[in-house]
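Protein sequence lines correspond, in order, to chains A and F. The numbering used here applies: residue 1 is where the first sequence begins, and numbers increase by one. The numbering used here applies: residue 1001 is where the second sequence begins, and numbers increase by one.
By construction, these hints were calculated from the structure, which means they are not laboratory data. It is possible that part of the hints are untrue.
SDA-like cross-link-like pairs, simulated, lysine to any residue; straight-line CA separation at most 20 Å [what the hints assert, rightly or not]:
| id | chain 1 | residue 1 | chain 2 | residue 2 |
| --- | --- | --- | --- | --- |
| 1 | F | Lys1266 | A | Ala96 |
| 2 | F | Lys1196 | F | Gln1166 |
| 3 | A | Lys106 | F | Pro1034 |
| 4 | A | Lys106 | A | Asn94 |
| 5 | F | Lys1077 | F | Pro1037 |
| 6 | A | Lys29 | F | Gln1166 |
| 7 | F | Lys1266 | A | Asp110 |
| 8 | F | Lys1095 | F | Asn1139 |
| 9 | F | Lys1266 | A | Gln27 |
| 10 | F | Lys1145 | F | Ala1094 |
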Amino acid sequence: MSSRHLVLALFLALASAPAAWADARGQAKEQVEFGIQVAQRGLWKEAIYRWERAAQIDPTYAAAFNNLAVAYEHEGQLSKARAAYEKAIALEPNNALVRQNYDLFKEINDRAAQKDGR
Amino acid sequence: MTARLKKTAVSLTLALLAISVACTSYTEIPIETPIQPKLDVSAFQRIFIAGFIAGANEDVDANMETVRLLRSQLRNKGVMRVIDADTLPLLEVAKQSSGEANTPPAPDQQAVTPAQDQDKQPVINDEKDLEQYNHIFANVAYWKKIGEEYQQPLIVTGAVLFTPSQASGFVQREQETYDSFGRRVVVPIRTYMERKGFVLRPTFIFIDGRTGETLHSETFREQILYNANQQTPALSSYFELMDRLLPAFLNTLSAQKIKGTRTLLK
């Protein structure tokens, strides 16, 4: 009897997993889109908050990490930006747009690193 | 058959790539990345561009042009009060302090009379020629004295080499053509070219006018090459090269914002 329950529970968990994932992605997407809107109005701190939330809700959402990296870059938080870009690339290694952002970031970061003698 | 299969595979890959890019929703956004200054100059109210040891080009007085340009840039930025004083005779000071005046002339200069020798500017073509003057920058007592004279400013000095250069080799350039359907196509082509231009190698040394000690030193190298037939005045090349490295120079003293564009993804 208990094994039947266990199988049933397992089945339910597996069946609901894609739905839960889709739900998390949906919520994260809302945060990402709101973040873009506020960033376009120059409210970068609010955008960072939204994209950090999105990354918490769905840690597999590359767009959230990419946007977060852009915002950190704008705020001059270069080490945080690097970490966020690297996470975005790890999640979506073939995303040319993320790679392009990262390449542009690296140019600036290298200049900053040079002057720090790093 | 194999070629046909390859072609199909390439077409499919391109189509998939186009679909994936089309499906990705994105927005471009301008950003400004702040870069912190290399030096903490909060202790200084004034800056003195003292002059540079320069040489290697007859058409451009690299010392005077660099002094003028840096002073005007610093005035525009309002970083500190720029001291408007005569530049220092660094070559003479360097010669005096090394006791060069007492040494016998080099074999190739022996025919020159003493009067001519005094007027003649030394030939400085490369870093090796500069070496004999470099000790002036480490002369703490001299810079401390200059600092006292100008109310202890941040002193900027160094060396500027502006030399003609030549290079030949393959250059990639874009050529406009039309395909069999009459469509305009831009293709990269490689052509062999003889080119000439200039190299600018400035070293900026920042000295504390209170102590005479060097705070920071930085060397840059920029090159510009033109088609060998093109006649470009040396002075305009000098300004073009200085333009490239001015942001880095200014970033030593003040925070800079680097403008760019990034892509936000949905």
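To see whether the hints hold, each was checked on the structure:
1. A threshold of 20 Å between alpha carbons decides the hint, and for lysine 1266 of chain F with alanine 96 of chain A the separation of about 14 Å falls inside it, so the pair holds.
2. Restraint check: the Cα-Cα separation between lysine 1196 of chain F and glutamine 1166 of chain F comes to about 4 Å, which is no more than 20 Å; the hinted pair holds.
3. Our distance criterion of 20 Å between C-alpha atoms is met by lysine 106 of chain A and proline 1034 of chain F, whose separation comes to about 14 Å.
4. Restraint check: the Cα-Cα separation between lysine 106 of chain A and asparagine 94 of chain A comes to about 18 Å, which is no more than 20 Å; the hinted pair holds.
5. As the CA atoms of lysine 1077 of chain F and proline 1037 of chain F are separated by approximately 14 Å, the hinted pair is consistent with the 20 Å bound.
6. At most 20 Å may separate the alpha-carbon atoms for a hinted pair to count; lysine 29 of chain A and glutamine 1166 of chain F exceed this at roughly 55 Å.
7. Only pairs whose Cα atoms come within 20 Å are accepted, and lysine 1266 of chain F paired with aspartate 110 of chain A is rejected, the gap being roughly 28 Å.
8. With a CA separation close to 13 Å, the supplied pair lysine 1095 of chain F and asparagine 1139 of chain F stays within the 20 Å bound.
9. Proximity of lysine 1266 of chain F to glutamine 27 of chain A is assessed by CA-CA distance (about 12 Å); at most 20 Å being required, the pair is judged to hold.
10. Between the alpha carbons of lysine 1145 of chain F and alanine 1094 of chain F the distance comes to roughly 15 Å, so the proposed pair stays at or under 20 Å and holds.
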